[in-house]
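**Student:** Residue-level listing of the chains:
There are 2 protein chains.
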Amino acid sequence: MNERIYPTPRLLMGPGPSDVSPRVLAAMSRPLVGHLDPEFLSLMNRIQDQLRKVFQTSNQLTIAVSGTGSAGMEAAVVNFVEPGYRTLVGANGVFGQRLAEEMRRSGAECTVVEAPFGEPLDIEAMRKAAAECRPQVIAVVQAETSTGVLQPIEPIREICDEHDALLLVDAVTSLGGHPVEIDKRRIDICYSGTQKCLSCPPGLAPLTVSEAALERLKSRKTPCQSWYLDLKLVMNYWGENRAYHHTAPISMNFALYESLAIILDEGLEARFTRHRKNHLALVSGIEAMGLKMHVAPLYRLWTLNTVAIPEGIDDLKVRKQLLSEYNLEIGGGLGALAGKVWRVGLMGESSRARNVLFFLYALERCLAAQGYSCAAGSGVAAASAVLEGQ
Amino acid sequence: MNERIYPTPRLLMGPGPSDVSPRVLAAMSRPLVGHLDPEFLSLMNRIQDQLRKVFQTSNQLTIAVSGTGSAGMEAAVVNFVEPGYRTLVGANGVFGQRLAEEMRRSGAECTVVEAPFGEPLDIEAMRKAAAECRPQVIAVVQAETSTGVLQPIEPIREICDEHDALLLVDAVTSLGGHPVEIDKRRIDICYSGTQKCLSCPPGLAPLTVSEAALERLKSRKTPCQSWYLDLKLVMNYWGENRAYHHTAPISMNFALYESLAIILDEGLEARFTRHRKNHLALVSGIEAMGLKMHVAPLYRLWTLNTVAIPEGIDDLKVRKQLLSEYNLEIGGGLGALAGKVWRVGLMGESSRARNVLFFLYALERCLAAQGYSCAAGSGVAAASAVLEGQ
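Heads up: the sequence lines are chains L and G, in that order.
The numbers in the first sequence follow the working numbering, run straight up by one, and end at 1529.
The numbers in the second sequence follow the working numbering, run straight up by one, and end at 1529.
Hints are computed from structural coordinates only; laboratory data are not their basis.
Hints may be right or wrong, so weigh each one.
In this list, chains with the same sequence are indistinguishable; a pair is considered to hold if it fits within one copy or across any two.
As the list claims (entries may be wrong) - Here are the simulated DSBU-like pairs of lysine-lysine, each with C-alpha atoms no more than 30 Å apart in a straight line: (1) Lys-1360 with Lys-1479; (2) Lys-1360 with Lys-1192; (3) Lys-1459 with Lys-1371; (4) Lys-1371 with Lys-1479.
All figures in this text were calculated on a predicted structure; none of them were measured in a lab.
This is chain L alone, in the form it adopts within the complex (with noise of 0.2 Å):
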């Protein structure tokens, strides 16, 4: 007989998975219907109009993609490049720096432009890149999950149309979390994670195209590189004609099916009122307790906090300490912030009063142990103001 599977009970305050609803994983374990069972067909259109809810589009083509988020970024740009396309990427972080890398292996002739990590792109440099390189596709990152730096989309969307180019956004860390509004601002190609603000376990990506990114996939002259990932194909599964292509995760789209739901029951402005609510109730702690948040006020994602780790302290005695105490889990930095700040997530299920102020207790008890002094209790204080101001 083999062990069980009775994981420690966390508290998910990372980038990361978040905290996931028990109505999601009980719907997530009912017995499977077939993948071309009439009620699972039925399933899939009502995901597609919640997503679309939640995007804020009526974009026909709005559909999960069979794989995390990243499959959801890979699917965004083979569709929509093909070899020798013209691409613009703003890279101010890891997941920038990923749309590039994806568009170098789609043959695109991909021009960076890249910003300090914590801070969003400078859209001068953005406009003047684009006028050299006239893209087809201007790729950015709304909420860097690397950096906690929210991206203005409207600028990029003036570039994109001095030069006719699609406009490619990632929303892995903010939808649900922040407005995405897909149609107000003319996002071509969008993609998300279930693990983020959605609250619902990693596994698929939701992905929405508009028309005009559409033709322009039709119109392609060579097969996308990728078979699984190909929109054409997949179009077809989600679309009227349920063509077979390849078997869905069907328990998975259970429980999207129910994290939308509890999406859709709670209201996208109060869901937004409630993330923003939170994350200033934990800047507001982390700055009563003497520390610095890393991205600037007018920039800071509500969903992903970068919080800059104190001169002398150990980054990652502080995370295990926070896990094994705690059972409360927060990411170190990526890439260029590897070491230089700690990510808090306070995403969907975890974007929660209660969760602020235990994670401002814990933190101090953490940063005591290595000898940090803050005035006792300042940190819940001052989140505590805020949550009841609210």
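Dock chain G against chain L, hints included.
**Tutor:** This is chain G only, laid out in the frame that chain L set:
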């Protein structure tokens, strides 16, 4: 309040997914831990050990790809084929054809040897084609889900040896139901899916890679066209240094662990015997009812049974009646066999004596409804005799 998901309980006897044990559903619904949590990393190690046992291999690089079986196929091709590579594919079904398509999308010069849907490959035709194209990779499907054919692997290995070619095998519908014997048969690259004989929900693709194939991978001259499936990166996530690549589908891995535990609890030999016995009982019942199997006895899969649809019988009507009146799912024909065969899966949890009997009972009634007559109870009687005789 959105509608809740309570799918109608189905008996899954199609080409996959198969029935999933309550043990697996329960494991899948455990609260999540982070994908870099020590408890999850330990689980990944244990899954690798389990997969090695089920694949019957000691290959170090044995993992679960974060996508469905089709993603496993794509990973198996894009990592081991570079543009201009000479490859040979045996295509005697839809999945062999798909392998060839994957090869072409990877830039290979792909030679395809076809065989009728329902027959094994012609070994002399394969040998002759290999002599002409001198392949660096030869790919075949051990268990053709579209035709029900079991392809003997040993003669293909011999041809590989004549050309120092890597042997790539699709074991989607055999792993956990038929012996795959990676090491004994010297298969270099092999993938499967979770929703067939492993009786886990769809969403992961077990993959194993020999030392020889690993060397070939390490000496690639061009980067893998897929970033998501790039094994050079993925193996560092599954390997000792645990470099972040993508977020593994955590709940799906919980499920896979449990489904593999069930297999190892049962024992591989006992499991193969069970699959064989139930297959023989089904065949006996089918033939007693005057129906014909599509595949010759020597090449029949135990896991996926293709039954020729008798003349004058409405394929879709039978399948719809089975589903609506008996909650029993079987599959229709695929590709060249559409409308010509039914595909009856006896995989993993679905390979049970009670399912064989219930299917024959229900099929007799559906056929009778369309005027097909056979001696009452002849199918279940013949199957019973085989089940008792074992």
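**Student:** Taking the hints in turn, state whether each one holds.
**Tutor:** Hint check results:
Taking the shortest Cα distances, Lys-1360 and Lys-1479 never come within 30 Å of each other, neither inside one copy (45 Å) nor across copies (36 Å). In this assembly of identical chains, the alpha carbons of Lys-1360 and Lys-1192 never lie at most 30 Å apart, being 33 Å within a copy and 45 Å across copies at closest. Proximity of Lys-1459 and Lys-1371 under a CA criterion of 30 Å is satisfied inter-copy only: 29 Å between copies versus 46 Å inside one chain copy. Proximity of Lys-1371 to Lys-1479 under the C-alpha cut-off of 30 Å is restricted to the inter-copy arrangement: shortest distance 28 Å between copies versus 43 Å within a copy.
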